[in-house]
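Start from chain A and add chain B according to the hints.
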Amino acid sequence: MASVPVARRRRFEDFSWVDFIINALRFIIIALVIIGSANTLLSGRFTFEQWVSLFVAGLAQGSIYALIALGYTLVYGILLMINFAHGEVFMSGALTTVFLAHAFDRSGFLNSQPLLAIIILIIFAGLVSMSVALLLERLAYRPLRSAPRLVPLITAIGASFFLQYTFRGFFGSQFRSYPAVDALKGSLEIGTINIPIVQPVVFIAALVLMGGLYWLVERTKLGKAMRAVSEDKEVSRLMGIDIDQIIMFTFAIGGMLAGAAGVINGLFRPQGVNFFMGFVPGIKAFTAAVLGGIGNIRGAMLGGLFLGVIEAVGPNLIFNGLGIPGSNQLKDVIAFTMLVLVLIFRPQGLLGERLTEKKA
Amino acid sequence: MEKHRKPYWRTALQVGLVAGVVLLYLGTIGMLAAFQEREVIYEIVSLGQILIVFPSLVGGWMAARRVQAHGASPVVAIASSVLAGIAAAVPTLIMLVINANVENVRDVLVNINRDWVDIVTFGNRDDLLAGAVLLLVVLAVASAVGALLTLLPGKLRSALIFTSALVLLVGMFGETVRQILQQLLPRETLDSIYRRTSLRVGPAVIIFVLGFIGSYFWAYRKETASRSAPRAANVTPRSLTQRIIVFIVLAIVLLALPLIVGRALSDILVTVGLYVLMGLGLNIAIGLAGLLDLGYVTNYAVGAYICAVLTSTGTLGLTGGQMSFWVVIPIALVAAMITGFLLAMPVLKMRGDYLAIATLGFGEILGTLAISDWLRPVIGGAQGVLFIPKPNFFGTELVNPEQLYYIVLAACAITLFISIRLNNSRVGRRWMAIREDEDVAAAMGIDTARAKLLAFTISAATGGVAGAIFAAKVGTVFPNSFTVFVSINVLSLIILGGMGSNPGIVVGAIALVGMPELLREFSEYRWLIYGALLIFMMLNRPEGLIPSKVRQRELAAESPPESTPNPTSAAQPAIGD
Chain A
6 MASVPVARRR RFEDFSWVDF IINALRFIII ALVIIGSANT LLSGRFTFEQ WVSLFVAGLA
66 QGSIYALIAL GYTLVYGILL MINFAHGEVF MSGALTTVFL AHAFDRSGFL NSQPLLAIII
126 LIIFAGLVSM SVALLLERLA YRPLRSAPRL VPLITAIGAS FFLQYTFRGF FGSQFRSYPA
186 VDALKGSLEI GTINIPIVQP VVFIAALVLM GGLYWLVERT KLGKAMRAVS EDKEVSRLMG
246 IDIDQIIMFT FAIGGMLAGA AGVINGLFRP QGVNFFMGFV PGIKAFTAAV LGGIGNIRGA
306 MLGGLFLGVI EAVGPNLIFN GLGIPGSNQL KDVIAFTMLV LVLIFRPQGL LGERLTEKKA
Chain B
25 MEKHRKPYWR TALQVGLVAG VVLLYLGTIG MLAAFQEREV IYEIVSLGQI LIVFPSLVGG
85 WMAARRVQAH GASPVVAIAS SVLAGIAAAV PTLIMLVINA NVENVRDVLV NINRDWVDIV
145 TFGNRDDLLA GAVLLLVVLA VASAVGALLT LLPGKLRSAL IFTSALVLLV GMFGETVRQI
205 LQQLLPRETL DSIYRRTSLR VGPAVIIFVL GFIGSYFWAY RKETASRSAP RAANVTPRSL
265 TQRIIVFIVL AIVLLALPLI VGRALSDILV TVGLYVLMGL GLNIAIGLAG LLDLGYVTNY
325 AVGAYICAVL TSTGTLGLTG GQMSFWVVIP IALVAAMITG FLLAMPVLKM RGDYLAIATL
385 GFGEILGTLA ISDWLRPVIG GAQGVLFIPK PNFFGTELVN PEQLYYIVLA ACAITLFISI
445 RLNNSRVGRR WMAIREDEDV AAAMGIDTAR AKLLAFTISA ATGGVAGAIF AAKVGTVFPN
505 SFTVFVSINV LSLIILGGMG SNPGIVVGAI ALVGMPELLR EFSEYRWLIY GALLIFMMLN
565 RPEGLIPSKV RQRELAAESP PESTPNPTSA AQPAIGD
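Going down the list, the protein sequences come from chains A and B. No gaps in the numbering here: position 33 of the first sequence is 38 in my numbering, and each next residue is one more. No gaps in the numbering here: position 445 of the second sequence is 469 in my numbering, and each next residue is one more.
This is chain A alone, in the form it adopts within the complex (with noise of 0.2 angstroms):
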């Protein structure tokens, strides 16, 4: 993006203070991290074990990133927008679902059939998040579609409060826990390692969902019509593709991914799901996204992954060798940084370069 030929400054020539600040920034970031990371490994204040399962948690919870990161990525890959309120259309299954799930479990059918139930609430929030994400799809993001980028982005974020107060009138705003499920309360014991065994199951679900997504993107004729229209809309219209059901396609897959992802998410989490739950999430989830390579599939799960994984282990790797108190507290400031870092060095992310200067 710097190579926009700028007039030669008067005073500056060819010396760019901004670059030189970024840089500076990057420099000192890097520091940070290793004299943070060597300090906490040298001190010996955690066990292997600890690292080892910070490392399961993380990418339990990266799975859960992933799923909604690749709602992000489809749609950027088609639209080239940001879907702000994707976060919302994962909070809409899971809170919906929360009621189905309570009911399944008065009448005892959580426990003798846990892997059926699950399947039916991951299908019936996904379905929930589907509804949204066509509706969100087709009342304010269709007619803006030649719209300036900023139009789009602000009816997004509109879009995102809109749907968080309206499932606040629904439902209310108070926390509403999922129901614990018998069969993932144990742990597994692997030596001395000991990992809580609903942290395999949400890493072997959400695969399981990004397996089939992948299938259907890469294997099947509807997902050839998807690459093509991200590819080029004139060029696949002519070839007869049928662009808005594409998109409509493309929000649905998405909403179900995760409606699903809020249902693993509430297996998984016991603190409960409210109607704000979507909003980090679904930022972090947006982090993951353009860590992989926004547009790009395969990045998005790596993405979510490794955004999971940093956010277990980087608090106590970095922030607790830099001696600053409360360190998983700032959780969230590894992503959010992790965030302005990856745009400012490496917008297109690890797996893509799909990002050229027209779209950024």
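Treat the hints as calculated values from the structure; they're not laboratory data. Among the clues, some could well be false.
Claimed, not checked - Here's a subset of chain A near chain B, in silico, CB distances under 10 angstroms, partners left out:
| hint | residue |
| --- | --- |
| 1 | Ser-21 |
| 2 | Leu-46 |
| 3 | Leu-47 |
| 4 | Phe-53 |
| 5 | Leu-85 |
| 6 | His-107 |
| 7 | Ala-145 |
| 8 | Leu-155 |
| 9 | Ala-164 |
| 10 | Phe-175 |
| 11 | Leu-348 |
Ideal Cβ positions, reconstructed from N, Cα and C, are used throughout, including at glycine.
Just chain B, lined up with the frame of chain A:
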């Protein structure tokens, strides 16, 4: 455009069902029940009842317009709108049936409760059938009224709508109007107009009749005036003397405002003023330079915390309360500018939505840091900084909101002046060039990095001042006051008023900050309404209520190509088959 015309009844059903879904939605989110409590006309009309009939009224209007556009006669139009009104009741009736037969609807949908049933059946909670029939009749009538409005001549219609809105506003803001009139009228006269905060019937009728006659004649005069004179003659620029007179009148009104409206309203005025101040600042980044900054709250927070830490008499105060508020203001300003400068540095190369997300990220980072234990020794963590003294003006403590109002007013005036000057300066033109097309601006020899940096820095300044005044006003500073909601609030008011338009910001701040403070019912649904408003404005009026002149001209220049149908969507069906 359509080959096969839809039958009228299908159009009517469609519109009616949409209106019905809206009505059910309003009930389900609890808006009906919340608004029911505010009576517009004493014991006759409440805001909730208006909210019940409003969707069908609009639905009836739209159904009638649509079928008339396809050549239906007035009678058919009214019949279709009655059908639409009946359809509008259906979703709510279904929910009523569900609620009557399923026991625990309330456990899931918290607002489908007895209050809701009471409202939609107009009090017939025990006789649901009668209530349902009543609802059907009311909605059908409302819908027919909507259709009748389309048949009225234009002048009569606009006069009717204007007067109804007037009565509604006078009744709705009864509390406010009362407070203002208290100082002019004796108590008995007021009591004969208002019963507590709602209008009495008689005065409501009088206001309606007077307003109707007035607005009808106004419309009549305007029509004859525009018929006799060509349109262009109406828009001659005002002369200098006229402008000076307007300015002086405005200044007097603004200066006298706190004396007119009293203490409680002055407090709201101060809050509105703070948001005007922030709006003017953020407008430089968003409206002029096109930089969508979603982390504006950082500047506000920096200003507030600087003021708090420097003047507090509590344990966290650095000077033990020795430093004066007037010294702190420039410090807060400079500190906010430095913050703005530092945070702008890394994002200079980002554009559009990336910039928005990155600035949002900054806001979240600083918010998390403010709550954290790490910075607790300095800024107090979640407990915040307490005991911030009020500003001291030559020996008198400015305790009252009436007094604080003048500080805010002065700050707004200075900012407005700077903003207008910047708008017409070379720098302003550079910003606008960047807003329109950054690459072209760079090619024209504009140092875009420097111009953007300047925009961020200047826009941050007013945020700092607003934060400092806020800290002095409330006396305590918590991290919870500085969330992303502040940024969204400021953004919304800029969008509502019109990007880049200074008067628009004032209107936006009054509507978005003042209204929710005046109406408790609104403040509960404030964020819902903000969200809907942002979407609505972007879809229908992206230039805002009071668009800036430049924007107006731009949109006027763009409109011809926009009016032609969009090639992708128009050509779609033909190829898709």
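Tested hints:
1. Ser-21: At 8 angstroms from the nearest chain B Cβ, Ser-21 of chain A passes the 10 angstroms test, so the hint holds.
2. Leu-46: The hint is violated - Leu-46 of chain A has no Cβ within 10 angstroms of chain B, the shortest such distance being about 21 angstroms.
3. Leu-47: violated, 22 angstroms
4. Phe-53: Result: violated, 27 angstroms to nearest chain B Cβ.
5. Leu-85: Leu-85 of chain A check passes; min Cβ-Cβ to chain B is 9 angstroms, inside 10 angstroms.
6. His-107: Interface hint status for His-107 of chain A: holds (9 angstroms vs cutoff 10 angstroms).
7. Ala-145: holds, 5 angstroms
8. Leu-155: The hint holds - Leu-155 of chain A has a Cβ within 10 angstroms of chain B, the shortest such distance being about 6 angstroms.
9. Ala-164: holds, 6 angstroms
10. Phe-175: For Phe-175 of chain A, the interface hint holds, since the closest Cβ of chain B sits about 6 angstroms away, which is under 10 angstroms.
11. Leu-348: Holds, about 5 angstroms.
Of the numbered hints given earlier, the model fails hints 2, 3, 4; all others are met.
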